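S.K.: Letter by letter, the chains look like this.
There are 2 protein chains.
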Amino acid sequence: MHYVWDLANPPEDALRHFGARGRSLATLRRLGVPVPPGFAVSDVACRRFLEVGEFPAGMWEEVVAAVESLATAHPERPLLLSVRSSPPVAMAALLGGALHVGVNDTSLAALARWDSPEFAARVRIGFLRGVAEARRVPLHRVDAILSADQRRDPDGPAADAVALQELIVEESQRPLAPGVLDQLQEAMETVFASWDDEAARAFRRRNRISDDVGTSVVVHLMVFGSADTASGAGVAFSRDPQDGAPRPAGIFTRNASRPASVAVYPGLDDLATSDPPTHAELLSILCDLEGAERDMMRIDFVCERGDLWVLEARPGERSARAAVRIAVDMAEAGMITAEEAVLRIDPDGLDEMLHARIAPGTPAVPLISGGAASPGAASGGIVLDAERAVAASLRGEAVILVKRETTPEDLAGVIAARGVLTSHGGPTSHAAVAARGTGTPAVTGAAAVVCDPERRTVRFGTVAMSEGDPITIDGATGAVYAGALAIEEATASSELEKLLDWADRFRRLDVWANADTPDAAAHARRMGAEGVGLARTEYMFSGGRLEVVRRVILTDDVKERARALEELEELQIGDFERLLESMDGLPVVVRLLDPPLHEFLPDRWEVDAALRRAREAGQDTSELEQLQAAVDHWSESNPMLGLRGVRLAVVIPEIYRVQVLAALEAVRRRLDARGDPRLELMIPLVGTVEELRVIRDMIDEEVHYAGRQLEVTVGTMIELPRAALAAADFALESDFFSFGTNDLTQTTLGISRDDAEEAFLRTYLERGLMQRDPFTTLDRQGVGRLIEIAIEAGRSVNPGLVIGVCGEQGGDPDSIDFFDLVGVDYVSCSPPRLPVARLAAAQAALRHKESSRHAGVP
Amino acid sequence: MHYVWDLANPPEDALRHFGARGRSLATLRRLGVPVPPGFAVSDVACRRFLEVGEFPAGMWEEVVAAVESLATAHPERPLLLSVRSSPPVAMAALLGGALHVGVNDTSLAALARWDSPEFAARVRIGFLRGVAEARRVPLHRVDAILSADQRRDPDGPAADAVALQELIVEESQRPLAPGVLDQLQEAMETVFASWDDEAARAFRRRNRISDDVGTSVVVHLMVFGSADTASGAGVAFSRDPQDGAPRPAGIFTRNASRPASVAVYPGLDDLATSDPPTHAELLSILCDLEGAERDMMRIDFVCERGDLWVLEARPGERSARAAVRIAVDMAEAGMITAEEAVLRIDPDGLDEMLHARIAPGTPAVPLISGGAASPGAASGGIVLDAERAVAASLRGEAVILVKRETTPEDLAGVIAARGVLTSHGGPTSHAAVAARGTGTPAVTGAAAVVCDPERRTVRFGTVAMSEGDPITIDGATGAVYAGALAIEEATASSELEKLLDWADRFRRLDVWANADTPDAAAHARRMGAEGVGLARTEYMFSGGRLEVVRRVILTDDVKERARALEELEELQIGDFERLLESMDGLPVVVRLLDPPLHEFLPDRWEVDAALRRAREAGQDTSELEQLQAAVDHWSESNPMLGLRGVRLAVVIPEIYRVQVLAALEAVRRRLDARGDPRLELMIPLVGTVEELRVIRDMIDEEVHYAGRQLEVTVGTMIELPRAALAAADFALESDFFSFGTNDLTQTTLGISRDDAEEAFLRTYLERGLMQRDPFTTLDRQGVGRLIEIAIEAGRSVNPGLVIGVCGEQGGDPDSIDFFDLVGVDYVSCSPPRLPVARLAAAQAALRHKESSRHAGVP
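Chains as they are written, first to last, in the working numbering: chain P, 2 to 859; chain Y, 2 to 859.
For the record, the hints were derived by calculation from the structure and aren't laboratory data.
Taking beta-carbon pairs under 8 Å as the criterion, some of the chain P residues facing chain Y (in silico):
no., residue
1, Met641
2, Leu686
3, Thr689
4, Glu691
5, Arg723
6, Leu726
7, Asp756
8, Gln782
Just so you know, these numbers come straight off a predicted model, no measurement behind them.
Here a beta-carbon is modelled for each residue, glycine too, at the ideal position from N, C-alpha and C.
Only chain P is shown next, with the shape it has when bound in the complex:
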């Protein structure tokens, strides 16, 4: 069995043991690109090494022979080796490696002759630093020996190499190996062993890569960019990695073993000026490579005394914007198909293009951070209540609303503010949901924020600020900054439009939006929504209307309640009418009231405090006492599992009845206006088929009562495990199912999302006890299994059953892949996620085109 092959002309079937780097070098060589001479060591050797703790029999002999033939073939060069990992996936940076292997008195003398004694000394220091790192010598002890220059530049002027060598021997209790082969053995063992390092394991867990793969190793002769001023190191891209423009870009640093900066010059202009022949050679290589690989390529190269050496070529990193432009340009040029273009873009990466962000390069350190609740960055003056946010917005001022938490009363403030920051509440809190619905950036649950509404001040950890002071929030990361940082607005991209048009042609899943207001629905429609999959009617119960809702809840007087209900009905008719108008001709799924009633009452603590104050002031407290009793009555120990959803409608039928009447009246008015209203009513938190029947009967009665025969589609939210398990019963009474994956995840996993994120979910993710946040990416084993059971059972009795998804996961690419696989008809997501969902749905369809759909989860 072979373990070692020359990089030049390896047998074709050996390439699969080369890893990414080795394969790339062999391919470059075959294309005639100059790469340093060397050889690859098989990943099989790594696996055997990890199993038994030593190299497999015969491997070392092959390595020795390969080193000898390198030395024989290149007598003019010092025998110094680069030893680098070559794993099959992009994780080389997490694994070990060594440079300058072979440094000893003999080779240093040869190096001094080849270049200069100073150069030899620098190489020696570079070698020793690598050994120190591999042997885990504490960095501060290494740094204490090296000069400032050397610390900055590993190949900088040499200092006391002897002291460093002594430190290594002392710390590792092992002498330095003198011979090239001994050093090579140590370096290879380090690389192999690094496959099992905790960081590497964690990376593989996150990326679902098996631990059993192992890494190959690439060994080649060192080439030196720091040899003289005709030498240097660089990176070149075949297209611009920032904006995707179809011209090469890169950077070259003279007399150095690596480029001095990460910024790149369009056209690689620095090299074009200083070394036109090398520049021309590079452009030609990039052009060939892009043609061969059909992708934008990056090469890492060294220029040694005027000779170009390519160390690695791989698809280049790029910004999201560049990725989209490159894919579309290549497809339009016929280099790749539209399908390939669509498949190449990471849907999650689109977020970067679609939302405002803090201008790249802005130097700023966050004051504190909280939960990333609604993407986008915003800056503005602090305001501490919704009224002031509205007033300031009317004056044209940019403000950030900062509160302990928001309630339905604050909705107008959330809309008026540029951003929202709360100290309490998780990603399903009112602030987070309202912000995502209105496209307002938000950071929630930032525990270090302490508001003092009486003194009109806020503390951010130890920093005190006052209302009006400017801050900046980043809803994509959860960071909060002092001052108004520069914001780069999201910009339209014609390439993205084109890509999404292609995606729309390929996808099978329809993409709808969660939108509660006519404005949100109109915005969603512009972003490509083919329907509204979730209109939360509780958002119609907010702001000034809360007073009416409270009268319904608080009064014992039948007539008073009837009056309040009538008022509510009239308000909702207008809401529904405008919503249906926004989405004329497209379906609008209206969810009947879902949250527990106490959400419409003031906070228990506030009422208690107000009551205490009133008593102390000797005021009349009877109304406050009544309010306190109501708040007490409606409070629950676990409201998530309490009196909400359809249960409300069973216990207090008037509220649903009023909602149904209002929706029907809105439909009639739209019909009278010659519109095309497509109302669908959705019933939340259903657990027994009897509940569904009660509401359906009520709806049928009202439809009948409405006189004119209206078509109303009625569907069931599947958000309890029982509903999924008993889906066949529900399907007989439903026109559609909509999976409420937020609640279904909470109940299936027994996790309250708002409590869990801080309390343990983060720990779980960090420690690998969960692979992904199940509230972001659907848990296939539990929640996904229930979805499969429900779809299968539902369609078996009602083949025309429409299946939708309206939880957060409806906008997540991995989850969309699953929904496509199991036969969902549409996903509904928050409007900002629409482009992501459209792209992900197309990718899922393309991926599943050839695999058998519905065959189950892979």
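With chain P fixed as given, assemble chain Y onto it according to the hints.
M.R.: Okay, now just chain Y, sitting in the frame of chain P:
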């Protein structure tokens, strides 16, 4: 097609259309027992009638012919008919019926001749009362016409029949039919139509009887117990229905159409004295019937002018105690098999024998009522805190602990009190669970109870009482009474012992107990428990130990925490040691800590109030502030779905580690004492297999560390839907599964038990939106399905996997039937339910013996 048959000698295949009453009369007649001449009308006729609203073709002609042949055969008797429903199951009382059908001028004249004009007048009144009821004339208007005597005795002296007849015509807007056939038609239509009455439908829903069955009707000549003083009416039982003694019992009332009381005389002594020949005839009939039916029988009879007529015979109602004695006596006499004896007893009925109850016949009206949380009745003086309960109990006083709610601090008080009454909290509140665990009667969540611990008074609705005043509570009904009512203690029964011994021979399921303390475990063992299926270690963290637990939670000082943990470990070693000693040789499943930590901290309101008081008094508040911060830190919006169970162990590993160490040390000490400890460790609220692995690794490490190789069985609680769906993964890492059906029901149905019972569950049950309380009887469609999925998946990868159930439903007969069916190995229930569970398990095994086990749910 025939619809009508004579009760004498009907064809055998017609009997299935007779209903229970008709079949019984035909059988009696065949045995030579005197029954009134008559005929049965088929249930098929009823079904057709309900479908199309009229009698099926040909039926009425058959009825007319049958009536004519009755008249012809019995010319000596007035032609008056009894028309009664004869449904296939015991629900005749819910359906219609009519007596004295045929009353008109002619028949009344004949009746006057046959007996007396007064008698005829009484019969007329009786007839009219029946018509008034069938035509739904308001009872108060009927009563306004009748004299007091007539209201008491429907066949009492007659008053103004004319006025009553006018009222009926006026109210029903329909004249009275004059002829016997017209009246018969109206009576039969009333009976048929009553099948669809709401009460009848509700009964069938509760008892899972199809609505499509319909009822038969029995028509026979009236016989009159009120004819003269040689006449009368009675009820006789073949054995004593109170205590089951093997001697007849009954009651006979002279000159009446029904017996005057429900109390029965042993030996039917009143009749034996007054009419020895009839008494002898009755005893002979009862003896024959019991022999034929192989059960204790009841007959309803009339003595008319010295002639005995039996109106009905059926298995007699009996007390639970009598049922047990009769079944055992009959089995020992060889009349029935032991299997039959076991199958005849309603397991839920045993509760009546096993707990103290308010002495039957005690006249008392409840003050208020709450949730029936722990069965049994108790009386005693009110005490308002646990300390006083303990002190009073040491003085030998009987007390009832009355509080807003109890916490782990109050455990000693719950044990010391005769009963517990709380104003807050449902059936899973601390008070309810602690009371059931210690066998203390309890009523919880009685909202009308308002305690004032400062004034030492309690209000029960409008009634004010003081500490020390006597009250009585009934934990089986939730009723609370003023004063100390007479209590009848539970008494041992040798027949029950025997029956349970037989049950133990038949059952396949093992029956274990939930027991947290050595005393409870010892008690459970005496009651037949074959193991402890759930020892909740949080009960070791109560009373005086709370202070230690709080130190663990509250301190930031590592050393201080370590000291507190060490103290806790020492305390728990003793607990575990005594528990294992109590159950020596039997398995003891110890559940590691489950509840969220805030349960061990004081109530948020109390801390707030204390802090306010301290501030007002100008005291040092730093400690209280620290406590408030901790309470705030650990508070959750949905604690049921929060940081509890295994999640605690992931975030704060020390607590589980200490519990494991303590348990292992207890095992070692028991081994040193030559005991046979069978410790099993159980991990609660597991949702991902990674969680399980973390804890298993920790346990393995500690077992290893313990030096001596201890055998420790480790199991997973399946109480989240995800755990059931991913059971195959868990089964590979588990020795056993234990279904925590309380939590599994909460998550599968999305119902917080404590919130739901009051808020909507009661409404759901009343309105038939749920058939049974899912926290009492397992929901087969949802929770049951998950259990099936988990067992199948678990056993498929680990055939030796032991399966237990430790939720409340583990003691419920219907649920036990399901657990037997799907292959559970043991159920664990609260100690008072052990006899119920043993019996129910035997019945399930006997029922499933011939059906194919594991074939799925019927």
